[in-house]
Amino acid sequence: MLNVRRDICGYCGCCVSVCPEGALELIDAYLAVDEKCTSCGICAKVCPLGALEVTHEK
Amino acid sequence: MKSKYDVLVVGGGPAGALAGRTAAEKGLSVLIVEKRPAIGAPVRCAEGIGKEALHEFIDPDPRWISADMTGAAIVAPDGFVMRLDSALAGGKVGYVLDRKIFDRELVWKASEAGADVAVKSRAAAPIMENGAVKGARIEFAGKTTDVKADVVIAADGVESKFSKWCGIDTTVPVREIMSSVQYVMTDIDIDEHATIFYLGNDVAPEGYLWVFPKGKRSANVGIGISGKKSGDGHRAKDYLDRFVKKTFPDGKTIEYIPGGVSVCRPLDCTVADGLMITGDAARVVDPLTGGGIYNAMYTGRLAAEVAAECIEKGDVSKKALMKYDRAWRESKMGKSIERNYHVKEYLIKQPDAKLNDIIHSVSKIDMQDFSTITLIKEIIKANPKLVLELGALAASLR
Ligand SMILES: Cc1cc2nc3c(=O)[nH]c(=O)nc-3n(C[C@H](O)[C@H](O)[C@H](O)COP(=O)(O)OP(=O)(O)OC[C@H]3O[C@@H](n4cnc5c(N)ncnc54)[C@H](O)[C@@H]3O)c2cc1C
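Line by line, the protein sequences give chains Z and B.
Residue numbers for the first sequence follow our numbering, beginning at 265 and rising by one.
Residue numbers for the second sequence follow our numbering, beginning at 73 and rising by one.
For the record, the hints were derived by calculation from the structure and aren't laboratory data.
Every residue gets a Cβ at the ideal spot worked out from N, C-alpha and C, and that includes glycine.
There could be a bad hint or two in this list.
Cross-link-like lysine-lysine pairs, in silico, DSSO-like; alpha carbons within 30 angstroms at most [what the hints assert, rightly or not]:
1. Lys300/Z to Lys300/B
2. Lys123/B to Lys404/B
3. Lys300/Z to Lys416/B
4. Lys300/Z to Lys236/B
5. Lys172/B to Lys288/B
6. Lys215/B to Lys300/Z
7. Lys407/B to Lys390/B
8. Lys76/B to Lys385/B
9. Lys436/B to Lys123/B
10. Lys395/B to Lys220/B
11. Lys300/B to Lys288/B
12. Lys123/B to Lys300/B
13. Lys416/B to Lys123/B
14. Lys215/B to Lys74/B
15. Lys385/B to Lys98/B
16. Lys300/Z to Lys74/B
17. Lys390/B to Lys300/Z
18. Lys300/B to Lys416/B
Some chain Z residues close to chain B (C-beta under 8 angstroms, calculated; not the full set) [said to hold, decoys possible]:
19. Arg269
20. Cys276
21. Gly277
22. Val280
23. Ser281
24. Pro284
25. Gly286
26. Leu290
27. Ile291
28. Asp292
29. Ile306
30. Val310
31. Pro312
32. Gly314
33. Val318
Just chain Z, with the same shape it has in the complex:
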C-alpha cells in the first residue's frame, strides 16, 4: 500500500508525472491515491522530500 506522509509532502506533483498507472492526483493542496495504485514504488523513489512510502502489510 502507498502511504502519503502528509507532514512531509509538499504537494508538488513530481510523483504524479512518473506514475505509470495514473493512480496519483494532486488536488490543490493534497495528494490523492486511487485504487489503480500497484505499490510499484516509483513515486516513492523520485519524491524530492521522501514523503511517500510503500508499506507491506498482510
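Please build the complex by placing chain B with the ligand on the supplied structure of chain Z, with the hints as guidance.
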C-alpha cells in the same frame, strides 16, 4: 461561468494564461479553470528567463522582476569557476522573475482580453463523445458543473492528468524527471547579478544546483537531480541541505519549494480530437536547462491561434489540430528542445573528470554572448572529439 465556450483551458500557469489571452484576442469565448485557490502560488520554479524570450510576450515590469542578470557562472565539479560575463551586458541576458506576481499578471491580461477565469476549480474528467474531447467536468467547492467546449487546451503542468484521462500516455520516465527542491534564502553573500550553476555527480547527479539572485542578499537556491539517482538518504533535499550548510550556513530560508521538472522528449503527439496539449503538460521543457516558462507561453499562444483557425473552419479533429503539433516542432523552440536533448544525454553520462575538462577548456574562450547555443558550439570547438561522439547533434548546429 457559462456551460459552453469555444475554448476551455485547463490550468492557469503561463501556458494556460497565454492560451486564454490569445483565444480571447481572437474573439473566441474562453474559460480558464485553475484548481488552486490562487494563481501563481505556491511557486514551483527558479524563475529564470532570457530577456529576449520574455519580451516576445510581455513588456518587463519591475513589479514582477526580482533581479536583472548580466552574468552567469558555471562551477565545475573540481570547484573551478567559469565566468560568463556578457560583452553585451546591460541589454541582454536574463531576469529572475517573481512568479507569484508574474503568473497573476498573465492571467489578468487574459481576463482583460475577455477570458473568463475560475479558481479553485478543478477539471476532474473530460467530457468525451465518440472518442472526441468535448469539454470537462469542473469541480468547485463540492459542486460539479459540465462545461462544454469546441476545443480543450490542456495546460495543466507537470502534474498533468487531463491528457491521460483522454487516453494519451504522458508518463515521464523515472530517469527523466528532475526531482527538485529549492529554498528562497535571505541574508546570504551572493553576486546579485549573476546566476550560478554547480555541476558534478556529488553535487547534483545528472542535474545541477543553482543560485538565482532574487535581489540584495537573497536568492533561489535549488537543485534538480535525476529521479533515477533519488532515494532514501540521497534525495534532492539531502543534496541541497548539504550544500546550504556548507555554502550559506547563516542564511535564512523563507520559502520551501519542492517540484518536478521533466527533461524527457516532448509527447509523441500533442493533439487529439478536440484536445491540444501545451507547456509542461506536453513535456516541452528544455531538457538541458529545465527552463519551461518560455516554452509554456509559446505553445499556449500557438495552440490558441490554431484553435481559432480550426474553430472558424468548423473542424477541430485531430487532423486539423495537427497544424499546432507540426508548427511547434518546426519552430526554433522545437528544434532547440531536440538539440538540447542530445546535449543533455551526452553530459549526464560524463564522469566528473570529463566535466572538469570540458569546463576548463571552454573557459579559455572569449565568448561574445552566452546563450546555450553559443555555449554548446564552444564546448564542441574546445573538444573536437565531441563531434564524433555527437555526430547528429553537431550537424544540426551548422
Ligand atoms: C524547481 C523548479 C525550478 C524551475 N526553474 C525554472 C526556471 O528557472 N526557468 C524556467 O523557465 N522554468 C523553470 N521551471 C519550469 C517552469 O516552472 C515550468 O516549465 C512552467 O511553470 C510551465 O508552465 P505551465 O503553464 O505549463 O505549467 P504550470 O506553471 O505548472 O501551470 C499549470 C497549472 O495547471 C493547474 N492545474 C493542474 N491540473 C489542473 C486541473 N485538473 N484543473 C485545473 N487546473 C489544473 C495547476 O494548479 C497549475 O497552476 C522550474 C520548475 C521547477 C519545478
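Here is how each hint holds up against the structure:
1. Lys300/Z to Lys300/B: Measuring from Cα to Cα gives roughly 23 angstroms; hence the hint holds.
2. Lys123/B to Lys404/B: The given pair, whose Cα atoms are some 16 angstroms apart, holds under the 30 angstroms limit.
3. Lys300/Z to Lys416/B: violated, 33 angstroms
4. Lys300/Z to Lys236/B: holds, 13 angstroms
5. Lys172/B to Lys288/B: holds, 19 angstroms
6. Lys215/B to Lys300/Z: holds, 25 angstroms
7. Lys407/B to Lys390/B: holds, 23 angstroms
8. Lys76/B to Lys385/B: Distance ~18 angstroms between Lys76/B and Lys385/B Cα, so the pair holds.
9. Lys436/B to Lys123/B: Holds - the C-alpha atoms of Lys123/B and Lys436/B are around 26 angstroms apart, at most 30 angstroms.
10. Lys395/B to Lys220/B: With Cα atoms ~23 angstroms apart, Lys395/B and Lys220/B stay inside 30 angstroms; holds.
11. Lys300/B to Lys288/B: Violated - the C-alpha atoms of Lys288/B and Lys300/B are around 36 angstroms apart, more than 30 angstroms.
12. Lys123/B to Lys300/B: Given that 30 angstroms is the threshold and the Cα spacing comes to 33 angstroms, the pair is violated.
13. Lys416/B to Lys123/B: holds, 23 angstroms
14. Lys215/B to Lys74/B: holds, 14 angstroms
15. Lys385/B to Lys98/B: holds, 14 angstroms
16. Lys300/Z to Lys74/B: The hint is violated at about 33 angstroms.
17. Lys390/B to Lys300/Z: holds, 29 angstroms
18. Lys300/B to Lys416/B: holds, 15 angstroms
19. Arg269: violated, 13 angstroms
20. Cys276: holds, 4 angstroms
21. Gly277: Constraint on Gly277/Z satisfied, holds at 3 angstroms.
22. Val280: holds, 4 angstroms
23. Ser281: holds, 4 angstroms
24. Pro284: Check passed: Cβ of Pro284/Z comes within 5 angstroms of chain B, closer than 8 angstroms.
25. Gly286: holds, 5 angstroms
26. Leu290: With a minimum Cβ separation of about 5 angstroms from chain B (threshold 8 angstroms), the hint on Leu290/Z holds.
27. Ile291: Since the shortest Cβ distance to chain B is 7 angstroms, the answer is holds.
28. Asp292: Holds. Min distance 5 angstroms.
29. Ile306: holds, 6 angstroms
30. Val310: Since the shortest Cβ distance to chain B is 4 angstroms, the answer is holds.
31. Pro312: holds, 4 angstroms
32. Gly314: Because about 5 angstroms separates Gly314/Z from the closest Cβ in chain B, which is inside the 8 angstroms limit, the hint holds.
33. Val318: It is violated, given that the least Cβ distance between Val318/Z and chain B is near 12 angstroms, above 8 angstroms.
In this structure, the hints that do not hold are numbers 3, 11, 12, 16, 19 and 33, in rising order.
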